[in-house]
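Asker: Sequence:
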Amino acid sequence: MSRGGARARPFPYVSYLRVYEPLDAFSDAQQLVILEQRSRERGLTESMEQEQSLRRVMRPVSDPFPHHEPELVRVTHFPGLNGATAPYYCPNQLAVRTTLAAESLDQSLRGPLIDVLVPEVAREAHQARLDPDTFADSVAKLHTRSATWGVPFAWFALMHEDDLTEVVEDDGRVTTVRVTARIGDCIDRGRRSVAQLAIGAPEMDLLDELTEIVEWLEVFRRDAVVEVDYGPVADRVFPDDSPMDVRLGIESLAEADMMGAAASYRRLASRWIPIRQLARSS
Numbered sequence: 001m002s003r004g005g006a007r008a009r010p011f012p013y014v015s016y017l018r019v020y021e022p023l024d025a026f027s028d029a030q031q032l033v034i035l036e037q038r039s040r041e042r043g044l045t046e047s048m049e050q051e052q053s054l055r056r057v058m059r060p061v062s063d064p065f066p067h068h069e070p071e072l073v074r075v076t077h078f079p080g081l082n083g084a085t086a087p088y089y090c091p092n093q094l095a096v097r098t099t100l101a102a103e104s105l106d107q108s109l110r111g112p113l114i115d116v117l118v119p120e121v122a123r124e125a126h127q128a129r130l131d132p133d134t135f136a137d138s139v140a141k142l143h144t145r146s147a148t149w150g151v152p153f154a155w156f157a158l159m160h161e162d163d164l165t166e167v168v169e170d171d172g173r174v175t176t177v178r179v180t181a182r183i184g185d186c187i188d189r190g191r192r193s194v195a196q197l198a199i200g201a202p203e204m205d206l207l208d209e210l211t212e213i214v215e216w217l218e219v220f221r222r223d224a225v226v227e228v229d230y231g232p233v234a235d236r237v238f239p240d241d242s243p244m245d246v247r248l249g250i251e252s253l254a255e256a257d258m259m260g261a262a263a264s265y266r267r268l269a270s271r272w273i274p275i276r277q278l279a280r281s282s
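Residue 1 is where the sequence shown starts when you use my numbering, and the numbers rise one by one after that.
Among the hints, erroneous ones may be present.
[Unchecked claim] Below, simulated SDA-like cross-link-like pairs (lysine to any residue); rule was C-alpha separation at most 20 Å, straight line: (1) K141 to R221; (2) K141 to D223; (3) K141 to F26; (4) K141 to S27; (5) K141 to I187.
Just so you know, the hints here were simulated from the structure itself, not pulled from any lab data.
Based on the provided sequences and hints, a complete structural model is requested.
Answerer: If you want it as structure tokens, here you go:
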């Protein structure tokens, strides 16, 4: 377990599931963008993203979309099959992700509120800035997923407690925890959990969530790596046994061990329900 350097505190509480790929997995144009940023420290990239987000929030007119902001790229280092540590890259794809987020809001909100949060004039201007070809490619291969107010249990099913874990601290606080694993291992774990849930709890939403995530991961190359980035919620839950608790809970359901499944759920609930409750009180 390593402890990274300090960085600016992120906005609470957002967690991320990211896929990082080797340089040659990207197009020539993408590689040029990556090469310009590959030496930048991770903490600086996080700070730059926060500053960009703050500038969008502080605009005098509501407009959540990026305006010609440079595409940020995250870099992580992970041991390859030969034992040597190699760099892997995750493009931020902010323009695409904000577009999809706005579409999601359309489905969850109705009436004048959606027009206040995402005005039609802002949507039209954003759409005009998008390149249709690169947009379609990015939607088909989106490298980042996000979740608010807690890490989804489906993400934990991809990870193992022995996976590479980085704890990032700032002034005595845990600002995030990042767990990284090979994508092949994550897919295998996800498939195993899907099979076990199909037997033991076919009615659970977790089955559909995991099935969809595994299908998403299968889009990427098998030499990619997957990262669960807790974000600032890590300070409330770390050290965290959720990957083990999710795995044991799913195994118990497959074996019809309701007592074991209930025990795993109680541990998860005691950890994450208070976080979910913060969302309702905010």
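Asker: So, against the hints stated earlier in the document, which numbers end up violated here?
Answerer: Hint check: nothing fails, all pass.
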